[in-house]
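Go by the hints and put chain Y onto chain A.
Protein chains in written order, with our numbering: chain A, 1 to 245; chain Y, 246 to 550.
What you were told as hints is all true, and nothing was included just to trick you.
Partial chain Y-side listing against chain A, Cβ under 10 Å, derived: (1) Arg461; (2) Ala523; (3) Glu525; (4) Ile528; (5) Lys529; (6) Leu530; (7) Leu535; (8) Glu539; (9) Ala540; (10) Phe548; (11) Lys550.
Lysine-lysine pairs mimicking DSSO-like chemistry, simulated, CA-CA at most 30 Å apart: (12) Lys93/A with Lys430/Y; (13) Lys56/A with Lys495/Y; (14) Lys49/A with Lys521/Y; (15) Lys120/A with Lys550/Y; (16) Lys56/A with Lys521/Y; (17) Lys408/Y with Lys93/A; (18) Lys373/Y with Lys93/A; (19) Lys446/Y with Lys321/Y; (20) Lys30/A with Lys217/A; (21) Lys550/Y with Lys521/Y; (22) Lys521/Y with Lys93/A; (23) Lys426/Y with Lys364/Y; (24) Lys93/A with Lys550/Y; (25) Lys305/Y with Lys426/Y; (26) Lys383/Y with Lys408/Y; (27) Lys93/A with Lys446/Y; (28) Lys550/Y with Lys471/Y; (29) Lys93/A with Lys495/Y; (30) Lys426/Y with Lys471/Y; (31) Lys471/Y with Lys93/A; (32) Lys426/Y with Lys93/A; (33) Lys430/Y with Lys408/Y.
Simulated from the structure, these hints should not be mistaken for laboratory data.
Nothing here was measured: the structure is a model prediction, and the numbers come from that model.
Ideal placement from N, C-alpha and C gives every residue a C-beta, glycine not left out.
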Amino acid sequence: MLELKNICFEVDDDLGHVAILHDVNFTVSKDKFAVITGPNGGGKSTIAKLIAGVIKPTSGQILFNGTDITNADITERARMGISYALQQPVRFKGIQVIDLLRIAAGRELSVAESCEYLSKVGMCARDYIYREVNASLSGGELKRIEIATILARGTQLSVFDEPEAGIDLWSFQSLIHVFQSMRKSISDSSILVISHQERILEIADEIIVVSDGTISKHGPGSEVLPELIGTSSAVNSCEKLTERS
Amino acid sequence: MDSIQKKILQEVADLHKVPEGAYNIRANGESAGRRSTENIEITSKTECSGIDIRIKDGTKNESVHIPVVLSESGLKETVYNDFYVGEDCDVLIVAGCGIHNCGVQDSEHDGIHRFFIGKNSRVRYVEKHYGEGDGKGKRILNPGTEVHMEEGSSMEMEMVQIKGVDSTERVTTAELAEGAKLLVKERLMTHGEQSAVSVYKVLLNGKDSSADIVSRSVARDSSYQKLDLCITGNAPCHGHTECDSIIMDKGHILAVPQLEANDTSSELIHEAAIGKIAGEQLIKLMTLGLTEAEAEQQIINGFLK
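Pulled out of the complex, with its shape left as it was, chain A reads as follows (with noise of 0.2 Å):
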């Protein structure tokens, strides 16, 4: 489904040029649910970013479905069935969240078919089919909406870059519910989250961990989950807010 060659990613900054990632190998076949983890800092996010277009890497080849799509932007890899939820959901004046989701859907959903897609991510419908995405929102609101989105578009592959980040601890119980549904239904598609949480690791298929800028360690959840116990990656909700205050 989706295969990462030989990525390599460097930036020129005030520190002079940095290398981000190098030489990051790894496939998530179909069916698979695959979280990848890490330190903070170790090049998490710039994957998932890579793999949506966002940025190009420097070199390497990133294939998708035995197609090469290292050049395409974003929007062909959209339309190819890649879809991408930022760690950071963007909020837009005006624009309503049934707007978002019919655009997601490509198509005029209706407002039945909107509110399913809404309740999947534990959120009343009647709610919220009509509010702004706006600042109005709290950032729990703003990321369930992100992640329905994500359903509505209903792709082969998606990737969630931090669902956790930035949601208070009741919002990330009945997020981690979200995910273990679509764990549950996935069916000729695949799942990449990027996350530090145990509870999302419970659930991953394979493991795999970024630290300094390349793969350390990637395997079957049930193996690599035990070495991470007890390190920066993997944590459980409590221990992140202690760490945060």
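Relative to chain A, chain Y alone:
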């Protein structure tokens, strides 16, 4: 009316046929249809060009449409329309002007509207301005709106100018008595070499009067906009202005929010922001399958909705 005039009428007043209720349609400087109703009387002015609209006390759930269409190149007119709204009314007033100019001479319509709103009346006012035609002659609209609101009255104004008007200078003034409420939603988009100046002067004279003026605009190409919003508090009152603009291409925007308080219990707030479309907004919509141009259009459509 010819097909061009009918099309413009649809653009400015969403009218596909003769509207219900009272109406006055003006086409190329002449009346193209009028109807008064039992509660709403429309009469021509004798001393100058324009009409008087008198709405009886207690008129509820009725509407007046007074669209203007100009399709003759070179026509310039100033029209004075006065609305006398009685007490305890609840009415919808739909105005608007569309110009089709395919000639070389400038076409101009300056509509001066005065509203006298009686005690406890509620008025919803919709004004849409539109221009089209590929002639070199400019399409010019300089509307003046003057609102006098008596105790307990409320007015909701929706002012929209989305396309095709080359030059506009719109001045809206309002004075509010005790407990009166004014809500303004302005939507403005300029493109090409267009220029738009929008001025609001609102006087909150009565105790507990309030005004909320929200202007959203988009300046594309090399167009120019000046947004000058001023609220003066002369009593314990609440006033809020918001001026939110998207700048694109080589556009110019000057936002001048002003507040003036002459009473210690005046509560006045202004907000003004100018910015380009955020890159992350484009990225988000592109990840949903839109092209960059489609994403930009969606963002603007939403912003000006």
